[in-house]
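Engineer: Protein chains in written order, with numbering that gives the first Met the number 0: chain A, 0 to 470; chain B, 0 to 442.
Treat the hints loosely; a few may be bogus.
Okay, derived cross-link-like pairs now, EDC-like style, lysine to aspartate or glutamate, Cα gap no bigger than 20 Å in a straight line [claimed, not checked]:
hint: 1; chain 1: B; residue 1: K238; chain 2: B; residue 2: D254
hint: 2; chain 1: B; residue 1: K186; chain 2: B; residue 2: D209
hint: 3; chain 1: B; residue 1: K62; chain 2: B; residue 2: D121
hint: 4; chain 1: B; residue 1: K29; chain 2: A; residue 2: D61
hint: 5; chain 1: A; residue 1: K304; chain 2: A; residue 2: E267
hint: 6; chain 1: B; residue 1: K29; chain 2: A; residue 2: D122
hint: 7; chain 1: B; residue 1: K186; chain 2: B; residue 2: D254
hint: 8; chain 1: B; residue 1: K403; chain 2: B; residue 2: D393
hint: 9; chain 1: B; residue 1: K62; chain 2: A; residue 2: D61
hint: 10; chain 1: A; residue 1: K92; chain 2: A; residue 2: D122
hint: 11; chain 1: B; residue 1: K29; chain 2: A; residue 2: D210
hint: 12; chain 1: B; residue 1: K62; chain 2: A; residue 2: D353
hint: 13; chain 1: B; residue 1: K263; chain 2: B; residue 2: D347
hint: 14; chain 1: A; residue 1: K331; chain 2: A; residue 2: E267
hint: 15; chain 1: A; residue 1: K331; chain 2: A; residue 2: D208
If you are wondering where the hints come from, they were derived from the structure by calculation, not from laboratory data.
One letter stands for each residue in the lines below.
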Amino acid sequence: MPTLETTFAGIPCLNPFWLASAPPTNCGEQVMRAFDAGWGGAVWKTIGEPITNVSSRYSSIDWNGQRMMGLNNIELISDRPIEVNLREISEVKRRYPKHVVIASLMVESKRDAWHEIVQRAEDAGADGLELNFGCPHGMSERGMGSAVGQVPEYCGQITEWVKEKAGTPVIIKLTPNVTDIRMPARAAKQAGADALSAINTLNSITGIDLDTLEPRPNVDGRSSHGGYCGPAVKPIALNMVQQVMSDEQAALPMSAIGGIGSWQDAAEFMLLGAGTVQVCTAVMHYGYRIVEDMADGLLAWMRQKGYESPDDFRGLSLPRVTDWKHLNLNYKIVARIHEDKCIGCGLCYIACWDGAHQCIHVDRTLPAPDTSRTPDIVAAESARRISTTPIPKLDLNGVGETGPYPTPLARIPRVDEHECVGCNLCSLVCPVPDCITMERVDNGQSPETWEERVNAGVATESMADAGNPNL
Amino acid sequence: MSEPTNFFEQAPDAPEIAARFPDLHPPFNKTVALTEANRCLYCFDAPCTAACPTHIDVPRFIKKIASGNMDGSAKTILDANILGASCARACPVAVLCEGACVMHRYNRQPIAIARLQRFAMDSLYESGALLPFSSGADTGKSVALIGGGPASLACAAELRRRGIRAEIFDAQPLPGGLNTYGIAEYKLPLAESLREIDMLAQLGVQFHFDVTVDAKMLGELEASHDAVFLGLGLGAIHKLGIVGESLAGVTNALDYIADYKSGKITSAPAHVAVIGAGNTAIDAANAAARLGASEVHIVYRRGPEQMSAFAYEYENSKLEGVRFLWHTQPVSINGNGIVESLRLAKLDDSLLPKPEEDFDIPVDLVILAIGQSTHTEFLADDNIKLDHGRILIDRATGQTSNPKYFSGGDCTNSGREVVDAVADGKRAGVGIAAWLEEQHANA
Numbered sequence: 000m001p002t003l004e005t006t007f008a009g010i011p012c013l014n015p016f017w018l019a020s021a022p023p024t025n026c027g028e029q030v031m032r033a034f035d036a037g038w039g040g041a042v043w044k045t046i047g048e049p050i051t052n053v054s055s056r057y058s059s060i061d062w063n064g065q066r067m068m069g070l071n072n073i074e075l076i077s078d079r080p081i082e083v084n085l086r087e088i089s090e091v092k093r094r095y096p097k098h099v100v101i102a103s104l105m106v107e108s109k110r111d112a113w114h115e116i117v118q119r120a121e122d123a124g125a126d127g128l129e130l131n132f133g134c135p136h137g138m139s140e141r142g143m144g145s146a147v148g149q150v151p152e153y154c155g156q157i158t159e160w161v162k163e164k165a166g167t168p169v170i171i172k173l174t175p176n177v178t179d180i181r182m183p184a185r186a187a188k189q190a191g192a193d194a195l196s197a198i199n200t201l202n203s204i205t206g207i208d209l210d211t212l213e214p215r216p217n218v219d220g221r222s223s224h225g226g227y228c229g230p231a232v233k234p235i236a237l238n239m240v241q242q243v244m245s246d247e248q249a250a251l252p253m254s255a256i257g258g259i260g261s262w263q264d265a266a267e268f269m270l271l272g273a274g275t276v277q278v279c280t281a282v283m284h285y286g287y288r289i290v291e292d293m294a295d296g297l298l299a300w301m302r303q304k305g306y307e308s309p310d311d312f313r314g315l316s317l318p319r320v321t322d323w324k325h326l327n328l329n330y331k332i333v334a335r336i337h338e339d340k341c342i343g344c345g346l347c348y349i350a351c352w353d354g355a356h357q358c359i360h361v362d363r364t365l366p367a368p369d370t371s372r373t374p375d376i377v378a379a380e381s382a383r384r385i386s387t388t389p390i391p392k393l394d395l396n397g398v399g400e401t402g403p404y405p406t407p408l409a410r411i412p413r414v415d416e417h418e419c420v421g422c423n424l425c426s427l428v429c430p431v432p433d434c435i436t437m438e439r440v441d442n443g444q445s446p447e448t449w450e451e452r453v454n455a456g457v458a459t460e461s462m463a464d465a466g467n468p469n470l
Numbered sequence: 000m001s002e003p004t005n006f007f008e009q010a011p012d013a014p015e016i017a018a019r020f021p022d023l024h025p026p027f028n029k030t031v032a033l034t035e036a037n038r039c040l041y042c043f044d045a046p047c048t049a050a051c052p053t054h055i056d057v058p059r060f061i062k063k064i065a066s067g068n069m070d071g072s073a074k075t076i077l078d079a080n081i082l083g084a085s086c087a088r089a090c091p092v093a094v095l096c097e098g099a100c101v102m103h104r105y106n107r108q109p110i111a112i113a114r115l116q117r118f119a120m121d122s123l124y125e126s127g128a129l130l131p132f133s134s135g136a137d138t139g140k141s142v143a144l145i146g147g148g149p150a151s152l153a154c155a156a157e158l159r160r161r162g163i164r165a166e167i168f169d170a171q172p173l174p175g176g177l178n179t180y181g182i183a184e185y186k187l188p189l190a191e192s193l194r195e196i197d198m199l200a201q202l203g204v205q206f207h208f209d210v211t212v213d214a215k216m217l218g219e220l221e222a223s224h225d226a227v228f229l230g231l232g233l234g235a236i237h238k239l240g241i242v243g244e245s246l247a248g249v250t251n252a253l254d255y256i257a258d259y260k261s262g263k264i265t266s267a268p269a270h271v272a273v274i275g276a277g278n279t280a281i282d283a284a285n286a287a288a289r290l291g292a293s294e295v296h297i298v299y300r301r302g303p304e305q306m307s308a309f310a311y312e313y314e315n316s317k318l319e320g321v322r323f324l325w326h327t328q329p330v331s332i333n334g335n336g337i338v339e340s341l342r343l344a345k346l347d348d349s350l351l352p353k354p355e356e357d358f359d360i361p362v363d364l365v366i367l368a369i370g371q372s373t374h375t376e377f378l379a380d381d382n383i384k385l386d387h388g389r390i391l392i393d394r395a396t397g398q399t400s401n402p403k404y405f406s407g408g409d410c411t412n413s414g415r416e417v418v419d420a421v422a423d424g425k426r427a428g429v430g431i432a433a434w435l436e437e438q439h440a441n442a
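Construct the entire structure; sequences and hints are all you get.
Structural biologist: Okay, structure coming up:
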């Protein structure tokens, strides 16, 4: 039986699922309920000098009827006194000694202030410390949060101060609001950090109310940029985690954050090197209960794959992410439409014509293939057709021929394989699973990368056209 | 003379009818409409649009609902189908747009196109906005339209948008033809048909009511107008030609439906028999059941496989409590001044009565629904070519054998759906405008 137990920067973990420092870890009562639900750890809502919050604080992006595909907040760190937070950490650790409690900390950039808060958090029983160098709104205006994370020197300096005092592992939480996340990560590593967590939220304005012209979230007619998170940011987080984990000077045990809400999300981050994952938005959306399937699903996948513990697959996909110049230019795939699955929606057709390379056609019932008919011509033909309501008695033969597939042959698009560049777009827009597959074409050419071409003198760096599949 | 507004207010107030004929398909609220709209795949060259006789750009109007552009959604519908509100309720969508939806092949429910269309049109009404079109600059041309049903209304709208005067002459006191008087109230209430025509009247269509156009008047109209559109519809329902047909208590489906819709009938007697098994027969039978009949029979000489009613209408009718007597034919209607019973014969496969198998059922009301005759006798011989009473037209333009005459709807196709009549009228409106333009150019 596989296990989810793991060790992160020396901290034993029941499972890799932690709650991120955020509203779900605001107080001890919440964290204990979360542990009861199955969470292996919690990073406490950032502790520091109590702040005053505004209302409202959140706004979100809905997409095609789905709620909260992206969440934005302008809430600050904990608004509760430091001693209350620390007392509750002690209480939680006393009652849940095997669960991980990480104290997230943020104080002003003074050595004494950091020494003091580190001492107090460890005295309270925290298993580790996460330094919040990421909060992008409000706190950054006061010289904290991302104001630190965006300057590698500050990042390194404070990490050093904390390491002078800390007896537990120190995790640096990185901001994505930088041009290259590896720089602050390197600074943290050089300063002696034990681990990293990434990403914090992205600067964002989620939208403008078109009735009032006020931005969201509305605070008395005004708003401020907030921090963006949720499913929308996952690809950005995956990239940044990969960048750090592939960089020898930056890589440390990584607690990944960013749009994680399912076991698949967790597995993907772990395949890129994450030791634990942190979740916030999905819990704010659905509650602590989601962890049950995260654990259950991940275990099932591990069983299927034959992995005994997260150590068995951590980082396995990392070597497969590489620079573009190392990709095989001679790898050729083309789209194949499985006629028996096609429902005739035409989305691949219009996507290929307007968004790709004009190599899908609706000409199967024409006397000969016709690649010159544009979508406008096709639509105009339909508009000219006179349709009537089919009435069984008047229209004996029904609505016309259908062909050998469930969808009339005339509506099933055809891929011109010679022109297809293998971009994937049609298979991405197709609503039917496995209806359009991308299939390898054996072109008899051995693998060759751009770098190899340059090295062989076949191409020069400046030859912009070479390797361009459109030419 | 013409008093275009306000037809809606002239709808008879019949609370009993409203109570007995609530919406078969209740309207969507905003949440449901948005969810459903987002389910639409936004097909390219969408089969739903192709299946619609008026070619409403269905994915476009649905995506406008999803984006919150309600005015644009209604305009998209009306641009293709000026009677989009009534078609949303009256269309047999299962064999049209929704029947063509690609979702069927994905093992899912089709998009609820009709209810989304109604949602868009209801939103337009609620916003109080006017019809999102205006009439074109006056060309000085005029067209007389005979009959005020869907074909003429659609034709008139196209003409007005092109600056051509449109005068409708109708035999009824209210406009709309079968759209107003002939569609089951739980699908399309009479008042809703009138509300829609009120919008159309904003385009400047002129109406003349209670006018039955005869050959003489038609000649005058031809002389005084640049073209004539014949939107005559069909004539009376066929007679059975059996004993007892003139007894009190024998009526026909069209009169019966018109009478209950306009509140002249608010209850039905206990035993009702409807002769025929088309969609109109089903509407009449369902109406009798809803009006309080304890037993409603549909009598049909063939079996369920041959009936012309749509399958979903048959299924719904069974739910309404209607019983079907298949392979059965009326022999005589019996009673003393008033209908008391119906003698029926069982038929064999060649539609011949089986001997010794006649039987009686008690009836208080017999409703005939065995098809309509044509209504084209008054058209002068050879002036306009007919085929079995049906006016022959060029499908693309609606033009008849007499170039000044155009036609569309039931009088040309022997009786199809509202949306078919709208499509005919629309093509004819465009056809008339093009023909007038051509005449002008040649002059």
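Engineer: Are the Cα positions of K62 (chain B) and D61 (chain A) separated by 20 Å at most?
Structural biologist: 15 Å, holds
Engineer: Tell me if the straight-line CA distance from K29 (chain B) to D61 (chain A) falls inside 20 Å.
Structural biologist: Answer holds: K29 (chain B) to D61 (chain A) is near 16 Å, not above 20 Å.
Engineer: When you check the alpha-carbon spacing of K62 (chain B) and D353 (chain A), does it fall within 20 Å?
Structural biologist: Given pair K62 (chain B), D353 (chain A) holds - Cα atoms ~19 Å apart, limit 20 Å.
Engineer: Does D122 (chain A) sit within 20 Å of K92 (chain A), going by the straight-line distance between their CA atoms?
Structural biologist: Distance of about 12 Å is within 20 Å: holds.
Engineer: Regarding the pair K186 (chain B) and D254 (chain B), is the alpha-carbon distance no greater than 20 Å?
Structural biologist: Given pair K186 (chain B), D254 (chain B) holds - Cα atoms ~18 Å apart, limit 20 Å.
Engineer: So if I understand the rule, the pair passes when the alpha-carbon distance is 20 Å or less; does K186 (chain B) with D209 (chain B) pass?
Structural biologist: 26 Å, violated
Engineer: Would you mind confirming whether the straight-line C-alpha gap from K331 (chain A) to E267 (chain A) stays at or under 20 Å?
Structural biologist: 26 Å, violated
Engineer: Under the criterion that the straight-line Cα-Cα distance not exceed 20 Å, is the pair K62 (chain B), D121 (chain B) satisfied?
Structural biologist: 17 Å, holds
Engineer: Would you mind confirming whether the straight-line C-alpha gap from K263 (chain B) to D347 (chain B) stays at or under 20 Å?
Structural biologist: The hint is violated at about 40 Å.
Engineer: Check whether the Cα positions of K29 (chain B) and D122 (chain A) lie no farther apart than 20 Å.
Structural biologist: Given that 20 Å is the threshold and the Cα spacing comes to 55 Å, the pair is violated.
Engineer: Is K304 (chain A) within 20 Å of E267 (chain A), Cα to Cα?
Structural biologist: 14 Å, holds
Engineer: Against the 20 Å threshold, does the CA-CA distance of K403 (chain B) and D393 (chain B) hold or violate the hint?
Structural biologist: This hinted pair holds, its Cα atoms lying about 13 Å apart.
In this structure, the earlier hints numbered 2, 6, 13, 14, 15 are contradicted, and the remaining ones agree with it.
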